[in-house]
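Required output: the full structure, derived from the provided sequences and hints.
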Amino acid sequence: WAAELQVPGVVLHSSEYLYPRQISTNDVLIVGGGNSGVQLARELAPSHAVTLAVRTVRRHQPATRYPRRQLLGRGSRSEPVFGDSYEQLRDAGVRICPAVAKAGKSTVTFVDGTVATPSSVILATGFVPGDDWLPDSARIDPPQRAMTGTPGLFVAGIPQYGGRGSDTIAGVWRDATTIARRIIERP
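Sequential numbering of the sequence shown, starting at 17, is according to our numbering.
None of these hints come from the bench; they were simulated from the model.
Ideal Cβ positions, reconstructed from N, Cα and C, are used throughout, including at glycine.
Incorrect hints may have been included.
Cβ-Cβ distance ranges computed for the label pairs, FRET-style [stated by the list, open to error]: (1) Thr-130 <-> Asp-107: 17 to 23 Å; (2) Pro-114 <-> Leu-150: 37 to 43 Å; (3) Thr-125 <-> Ile-200: 52 to 58 Å; (4) Trp-189 <-> Pro-114: 14 to 20 Å; (5) Gly-165 <-> Ala-18: 33 to 39 Å; (6) Gly-109 <-> Leu-169: 42 to 48 Å; (7) Pro-175 <-> Arg-111: 27 to 33 Å; (8) Arg-106 <-> Pro-167: 47 to 53 Å; (9) Pro-151 <-> Pro-114: 41 to 47 Å.
Straight-line alpha carbon distances no greater than 25 Å define the calculated DMTMM-like cross-link-like pairs of lysine to aspartate or glutamate that follow [what the hints assert, rightly or not]: (10) Lys-118 <-> Asp-128; (11) Lys-121 <-> Glu-32; (12) Lys-121 <-> Asp-43; (13) Lys-118 <-> Glu-20; (14) Lys-121 <-> Glu-20.
Next comes the structure, spelled out in structure tokens:
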């Protein structure tokens with residue numbers, strides 16, 4: 017539905033977002049209530065009227081506790097939201113709405129039936145793992161944290177090479193620490 021949306025401002029993926037002035041309109045709809053969506057909502061709240069559409073409400077963990085919590089469980093539960101909670105976003109003026117069900121030319125309809133006409137839209141709907149640049153010889157199964165099958169080639173920030181949370185700001189430090197340790201310890 018995003019391809020059909022026509023708004024006065026921009027429609028972009030969160031990977032294309034750089035800074036608040038990039039969103040030229042006053043109001044913005046952010047689709048996706050995970051860590052990227054929450055971080056963007058917090059950054060844009062002082063300068064824009066922000067609506068955050070959330071499909072899966074995630075539990076909140078303070079950023080300082082997140083890396084420790086990731087070691088305790090490796091299930092299929094959604095990653096927690098770290099940093100600001102949804103309640104803190106509400107206090108900052110962000111409007112929290114349910115997921116987007118469909119979109120027309122200039123309107124979006126949420127799953128509860130309410131309709132909005134956003135001026136700009138940011139899609140914080142996730143990322144595809146970016147390891148397609150690795151040569152086949154570098155892929156090992158099962159991978160060891162931050163290691164590839166090519167000596168001296170390390171990978172940080174990709175969960176299948178680092179573990180749950182590697183693709184988050186609070187979790188990638190574990191990959192970076194492992195890489196630094198392996199570089200220092202090599203002969």
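Going down the list of hints, with the structure as the test:
Checked against the hint of 17 to 23 Å, the C-beta distance between Thr-130 and Asp-107 comes to roughly 22 Å, which is consistent with it. For the hinted restraint 37 to 43 Å between Pro-114 and Leu-150, the CB-CB distance of approximately 38 Å keeps it satisfied. Restraint check, Thr-125 to Ile-200: a C-beta distance of roughly 55 Å satisfies the suggested window 52 to 58 Å. For the pair Trp-189 and Pro-114, the supplied restraint of 14 to 20 Å is violated, since their beta-carbon distance comes to about 33 Å.
Evaluation of the 33 to 39 Å hint for Gly-165 and Ala-18 yields a pass: the beta carbon distance comes to about 37 Å. Distance hint for Gly-109 and Leu-169: a CB-CB separation of about 45 Å, consistent with the stated range 42 to 48 Å. With their beta carbons about 31 Å apart, Pro-175 and Arg-111 fall inside the hinted range of 27 to 33 Å. In this structure the hint that Arg-106 and Pro-167 lie 47 to 53 Å apart at CB holds, the actual value being about 50 Å.
Separated by about 43 Å at the C-beta atoms, Pro-151 and Pro-114 satisfy the suggested range of 41 to 47 Å. Of the supplied pair hints, the one linking Lys-118 and Asp-128 holds, its CA atoms being roughly 11 Å apart against a limit of 25 Å. For the given pair, Lys-121 sits about 22 Å from Glu-32 by alpha-carbon distance, which is consistent with the 25 Å threshold. With a CA separation close to 17 Å, the supplied pair Lys-121 and Asp-43 stays within the 25 Å bound.
Restraint check for Lys-118 and Glu-20: satisfied, since their Cα atoms lie roughly 10 Å apart, inside the 25 Å limit. For a cut-off of 25 Å, the pair hint linking Lys-121 to Glu-20 stands: about 6 Å separates their Cα positions.
Hint compliance for this structure: hint 4 is the single one not met.
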